[in-house]
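Following the hints, complete the assembly by docking chain Z onto the known chain G.
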Amino acid sequence: MLRELRSSVLFTLVSMILLGGVYQGIVWAIGRVAFPEQAAGSLIRDRRGWVVGSQLIAQPFSRPEYFHPRPSAVDFNAAATGGSNYGPSNPEHLAAVRERLSRLAAANQVPVSQVPAEMVTASGAGLDPHIPPAGADIQVARVASARRVSVDRVRDLVQTHTEPPTLGFLGRPRVNVLELNLALDAVLGGASSTTPPHESRR
Amino acid sequence: MITDSLAVAFIVVFAIATSLPIGRYIFCVFSDRRTWLDPVLMPVERLVLRAIGVDASAQQDWKAYSRSLLVSNVVMWLATFLIVSVQHALPLNPDGVANMEPTLAFNTISSFTTNTNLQHYSGETGLSYLSQMIVVGFLQFVTAATGVAAGIAVMRGLASHRLSTLGNFYVDLTRATFRVFLPLALLVSIVVMSQGTPMTFEGAARVTTLEGQEQTIARGVTAAVVSIKQLGTNGGGYFGPNSAHPYENPTPLSNLVETWAILVMPMAMVWTLGHMVGRGRFALVIFATMLAIYVPMVVAGVTFEARGNPALEAMGVNQATGSLEGKEVRFGAALSALWAVSTTVTSNGSVNAMHDSLTPLGGLLSMVGMWLNNVFGGVGVGFINMLIFVVVGVFIAGMMIGRTPELLGKKVEGREMKLASLALLWHPLAILAGAAVACYVWATTADPAMSLGWLKNPGPHGFSEMLYEFTSAAANNGSGFEGLGDNTPFWNISTGVVMLLSRYIPIIAPLALAGSLAAKPAARETAGSLPADSATFGFTLWAVILILGLLMFMPAAVLGPISEHLALQ
Chain G
287 MLRELRSSVL FTLVSMILLG GVYQGIVWAI GRVAFPEQAA GSLIRDRRGW VVGSQLIAQP
347 FSRPEYFHPR PSAVDFNAAA TGGSNYGPSN PEHLAAVRER LSRLAAANQV PVSQVPAEMV
407 TASGAGLDPH IPPAGADIQV ARVASARRVS VDRVRDLVQT HTEPPTLGFL GRPRVNVLEL
467 NLALDAVLGG ASSTTPPHES RR
Chain Z
32 MITDSLAVAF IVVFAIATSL PIGRYIFCVF SDRRTWLDPV LMPVERLVLR AIGVDASAQQ
92 DWKAYSRSLL VSNVVMWLAT FLIVSVQHAL PLNPDGVANM EPTLAFNTIS SFTTNTNLQH
152 YSGETGLSYL SQMIVVGFLQ FVTAATGVAA GIAVMRGLAS HRLSTLGNFY VDLTRATFRV
212 FLPLALLVSI VVMSQGTPMT FEGAARVTTL EGQEQTIARG VTAAVVSIKQ LGTNGGGYFG
272 PNSAHPYENP TPLSNLVETW AILVMPMAMV WTLGHMVGRG RFALVIFATM LAIYVPMVVA
332 GVTFEARGNP ALEAMGVNQA TGSLEGKEVR FGAALSALWA VSTTVTSNGS VNAMHDSLTP
392 LGGLLSMVGM WLNNVFGGVG VGFINMLIFV VVGVFIAGMM IGRTPELLGK KVEGREMKLA
452 SLALLWHPLA ILAGAAVACY VWATTADPAM SLGWLKNPGP HGFSEMLYEF TSAAANNGSG
512 FEGLGDNTPF WNISTGVVML LSRYIPIIAP LALAGSLAAK PAARETAGSL PADSATFGFT
572 LWAVILILGL LMFMPAAVLG PISEHLALQ
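Protein chains in written order, with my numbering: chain G, 287 to 488; chain Z, 32 to 600.
Heads up, some of the hints might be wrong.
What the hints assert, rightly or not - Listed below are the simulated SDA-like cross-link pairs for lysine to any residue, each with C-alpha atoms no more than 25 angstroms apart in a straight line:
#1 Z:K442 <-> Z:S191
#2 Z:K94 <-> Z:L531
#3 Z:K449 <-> Z:L101
#4 Z:K94 <-> G:M287
#5 Z:K449 <-> Z:W473
#6 Z:K94 <-> G:V435
#7 Z:K94 <-> G:R289
#8 Z:K449 <-> Z:L582
#9 Z:K551 <-> Z:A428
#10 Z:K551 <-> Z:G311
#11 Z:K94 <-> G:E290
#12 Z:K449 <-> Z:Y471
#13 Z:K94 <-> Z:R81
#14 Z:K449 <-> Z:L531
#15 Z:K449 <-> Z:F568
#16 Z:K551 <-> Z:G433
#17 Z:K94 <-> G:V337
#18 Z:K551 <-> Z:R81
#19 Z:K94 <-> G:V426
#20 Z:K449 <-> Z:G311
#21 Z:K94 <-> G:V295
It should be emphasised that the hints constitute simulated quantities derived from the structure, not laboratory data.
The following block holds chain G by itself, in its conformation from the complex:
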């Protein structure tokens, strides 16, 4: 039994070092060398080098001149993420969907039937960086009028920022909201001048 215990304790120690230390260190080193941007969280910087967000993490947008992301059950808190966990029959869930539906239809002046399900349902992590192309389409006219530019220019930008399914068949077509909004600011100007200076740790 003592021998048994000794082997078990030694195995635990040795594997903790190899799997919790060496293996993780190897993966970390490969990340540093081969994928430094991705391994650091795919952070996006503006021209001045300030971090304005992560390509993969949704930001809250409420101004009319920006495209808005999907609803978030955690209010876009990227340090305590989660979904709504509402069951499909939960009255609170249905009330929330009904409220979003009428708000979106009114704000974008589109019929309810054009609002895709993605835009009235909360995502799994509350940080979904994407909206479907149909979710961007309903916002184009609002964004164009808030920025006083033609609808076609905004629509063109949406189109260039629409990613097709990977390899043509994996996943869904989608638009990255933060990248689209950054492109709006860069190409059409406007809102960025009113934004306070960005701060960042790095």
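Here is chain Z on its own, set in the frame of chain G:
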């Protein structure tokens, strides 16, 4: 819909195709045959075995093998329990995470040592980087390896004649950890990292958004954990929402690789069985039987989720792309449904969509996967669970044709049937009794919604949340209907105990069964015996699994998801 079906079919076929060579590789590792990774990995194996002072040639009978398995797991439990209890004072804690409270630590460590990975904490706020590495990362390797070792030992029992030994546990554990899981995990880590999964010690990123708000983005040593979480049927996520989090599963390509990683090891173990017992046809029959349950479940799951939520339909929501609550745009309904079925049949338990928000029948399918728990199943243990049904199937078929039941030429007798029944009956007992106790506590507490605060959802769905939790604990799965407020002493302790018993009873009983089969002489198969490698037997097995495995859960299913489904129509 056509591209979605294509994507689903591609992932499943890809997993099946790659499981063949990997199954063969696992066989070679455990049968002292040469493999092409030996030049790199044999030195690691020798190093570990020398360090722990184990004689690689010492053989163990089923009792000694089980004892080593239990002792090693107890040591791992104690060591990791200690670490999370004092993690605040340990290094590598850039976000200042506090020590784990005792009942939560009991639950968490029991969960990870049993390969369950049920999480009553949220990764961002519950574990330091060090705990993620040497507790979660470590346990996700060695507990998966424990399952593989047990599975291999049982296969040796089936393969040998008049032999009392099943191998050496420490050698098997070392080989499974360092020669099977380690190379695969490195590969998957690199792929998910290329897609955007972070691997950094820098702590959370603080950014000012375009509209001028502050946002703190939790990061971490994620990639190294995500890979083994998937490969080892662990499922414990780095972040709270698991692989629905854009950092844990950034793109459809990472989703392809992660879904593949859920399936490939449990699938490969079936082919390993064929090589171990020298009967490819037997493995083929088992695999086909599993596939004949899995594929219809996937088709049904994709259909239910693509159809959308009738309550939203009634409001006029455009659900052309299906039911999207709790799902991510980049995956859509179909790839979320494929994942939901795959992660529950295999005892994995990671999620890429919130299961609590699945359609009622989609959620039911996830529970069915865990109730059966043997359709591919957990690495190593999935095959063991299947063996229980094989023994029962052989017994029933033997009774029907009036002959002594035989499995691979060995007589199945009273002792084997008792051990099989013990493992078979424990599973529904743990789930149904657990859910019944929870309902009793709920029903006898005054104003339970306020004083207990367990259930996020009212009505049948609330019942489903409690049923799902015990199902997940007993199946060593780890997914949850996360609306359940489960970080309370009641849930921490009750599911902790269920996880421990549901891990070790269904491993030890079959090891004893394998030990007893190994000692028997092989009888010549005659025209009167039902060969286990025939299509007839496959069909019998399929029926036995569905009838014995599901019928006892029928009342619970009707009370929960089926009621909800009917009420929604």
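Self-check item: In rising order, the numbers of the hints this structure does not comply with
Solution: 5, 6, 12, 17, 18, 19, 20
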